[in-house]
Amino acid sequence: MSYRPEGLRTMDDAEQEAPGPSAPAGIGLRGWLRWAWRQLTSMRVALLLLMLLALAALPGAFFPQTPQDPAAVARYHADQPELAAWLDRLGLFDVYGAPWFAAIYLLLFVSLIGCILPRTRTHLAALRAAPSRVPRRLTRFPVHATHTTTASAEEVTGAVRAALGRRFRVAQTPHGLSAERGYLRETGNIVFHLSLVGVLIALGASQVLSYRGQAVVVEGRSFANALVDYDTFTSGSLVDPDDLEPFVLTLDEMTSEFTVDAQARDFAAHVTVAEADGTSREDTIRVNYPIDGAGANIYLAGNGFAPHLTVRDADGEVAFSQPVPFLPEDDFYTSRGVVKVPDVSRGLEQLGFTGYLLPTALVDDAGARSVHPQPNAPLIILDVYTGDLGLDDGVPQNVYELDTEGMTQLTDGEEEVKILLEPGEEVELPDGLGTISFDSLPRFAALDVRYDPSLTVLLVSALLAMAGLSASLFVPRRRLWVRSTPGDDGRTVVEAAALARGDDPGLEQELERVMTAVRATGPTAQEDT
Amino acid sequence: MNDLGQLSLLAIYGAMAAYAVAMVAFGIDLSALRDRGPEGRPRRAAAIAMTTTTLGVVLHAVGVVTRGIAAGRVPWANMYEFTIVFTLVAAGTFLLIQRWRDLRYLGALVVTPTLLALGLAVSVLYIAADGVRPALDHYWLIIHVSVATMAIGIFAVAAALSVVQLVKDRSERAAAVRREPAVALAGGPAGDGATALPESGADRGFWGRLGDALPGSAELERLAYRLNAVAFLLWTFTLIAGAIWAEHAWGRPWGWDPKEVGTFVVWVAYAAYLHARATRGWDGRKAAYLGLTGFGLVLVNYFVVNLFTETVHGYAF
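So the protein lines, in turn, are chains A and B. According to numbering that gives the first Met the number 0, the first sequence is numbered sequentially starting from 0. According to numbering that gives the first Met the number 0, the second sequence is numbered sequentially starting from 0.
In isolation and in its complexed conformation, chain A is listed as follows (with noise of 0.2 Å):
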């Protein structure tokens, strides 16, 4: 157990020192697992752990990584497909999911625990434990003084004790007075340590008890917390997706604010929550700012516009009509979506449409774009395509791509053709293929449900440890001795020194202070320090 705090080799001699790295010849295997939990538990072991920790955590900020960017790790295979090969035996597009990864930072807790828990052990012995003897000889420490009084070796030490005051604990000794004060700062040491476990501990249960998804929800909508209404969802394996704490949502506006030069400054998505238990209330989502539903945290995590269009077949017959969410693009919300129109009269081919909404539409001879992100002259810009969906495969299909394999795009002439829509607009589809309207522009907002009772685990954890260091750093472990002996003629020659556990510039005040009451107990004699 030679895992000590930093500077402790100023103080307990005694403590040190571990064995060395050399390993024993002919102990047999219990020999060697001893030695081996030695070398492991041994500060030293846990330094390079430590480095190996940093070494191995590094690549993952410079190669993309497949949870968090899976598309730029694609990327990276398109691109410069022998290397990224290479760099996926080793692992290193997952780093933090790696097995080498594991092993260091498991060996380094397994090194911790193996070290704070003697240290715990020795710890609270020392908090039970009477102060240290007096060593004999107090001049042989740096921070020491003498002095001698008039007056005598009770009111010296009445004097010493007042001057300790309730920080130390003091002992009297047949050698004098021993006083010991900063055991909080193993304390702290040893809490930092173990939160630092609770944190691992809280960060693994995250990954079985957690859950989350997202979901678009237009205004005037609702979304039910059930698997069915999201649109993407991930649970750790102890969450039963069936069965989620319910609450329904219902979004009743989505604002967004913007300087002139399209900068955000606002996003709000006003809400309605009803509880499980038939609470009902009204609450604002905005960026940064969550709310919680049954438990869980709801984000708003985008925003964009979910034009309302209808779709009229050749018979007249409404084959669609509902709002379609159109994803932003750029910093303008030049928004790309997709409509499916599945349902058309028997005998009619089905529909798709895919383009763009421009909020503010500009169009010039270099084409149309969009200038500002809020709607004020809002234009859809759409291609068509007639044929079959293929939504009748039973392969599920991205709602925002449309699989144009068994389409044709209607063309004029060489032209593709273009459908312009304005709000309340109603075009002809050419070869009289029926109608579409763009009825009206609500927006929609991008939710991000996300529930995991770890949570409160890692933030107590974390504040302990955080607790924990500063108190490990910054509280002085001193231990100071005083000894009176009446000297022949009657006077008394008070000896004292003071240590500390590491760099401690406060200490020879501390011994100064107690030295001043010393001195105020009789008339100054010789001084001799």
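Think of the hints as simulated: they come from the structure by calculation, not from any bench.
No more than 20 Å apart at the CA atoms, straight line, and that leaves these computed lysine to any residue pairs for SDA-like:
#	chain 1	residue 1	chain 2	residue 2
1	B	K285	A	L51
2	B	K285	B	R221
3	B	K285	A	L54
4	A	K417	A	T403
5	B	K285	A	M50
6	B	K285	A	D502
7	A	K417	A	R368
8	A	K417	A	V337
9	B	K285	A	R43
10	B	K285	B	A217
11	B	K285	B	G295
12	B	K285	B	P214
13	A	K417	A	T434
14	B	K285	B	E171
15	B	K285	B	R225
Fit chain B to the supplied structure of chain A, relying on the hints for placement.
Chain B alone, transformed into the frame defined by chain A:
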């Protein structure tokens, strides 16, 4: 508002001019060691350097404050502002530690990088003062980022101290080697380098004289440790505050974003430094190298990760 932004920039230019003068003056002060030892010379250049550094810090502070007023928010919401704030912390810390110890020889090592960082800030990183994006509009911007700037500023001064410690350590070991034959003759134990008196008469060269002018390496090490300990605690706080903010903003406390990775790596590196100080054979010089490695990683985390990786912290730059 725009005028104040201009005033802020002017103040920063003024601070750079003052730091430039201070850098030259610190250089002259150092080069004087080439001709004579540190004893008994008035060090007029050092006095000028300290005065101009103080002036620089005052102008620098004016620049930071007016920038905040011009933008109508705390002045550390992008890389330009972050740079002018952490350099201010570094220069301020340098001035502050002079109260405990005469460390004017550290000046060149603090003022020169400060000047370089400010030059980079005004030439490459500069953007006009503006309001705050929704993504950054949070009280954690005030806490998380300000504490990060303080930590980096203090780490920087500690790193400068470590460099000086290594220089001093070198001269101490050289002195110990020279003294060894005499000690061997006297049959005494090898002397402690820290207590070695400068040898009079013998020509020790520039480095030797510089070493004589500095406090002992053990004391420099302790000073660097104290600063590193304070900065490490602030860094720990930055990490925790960042995780809390990430939980509010992105719905997860930790996501291995490149910036988070960098911050974590710096934290682990300084944790290694603190452990090294308590490990036999790793204290002193090796711990100083570890501390410098930590600061190198701080710089990588700031310049390389911010500018060359795809990070969700990206909107801050």
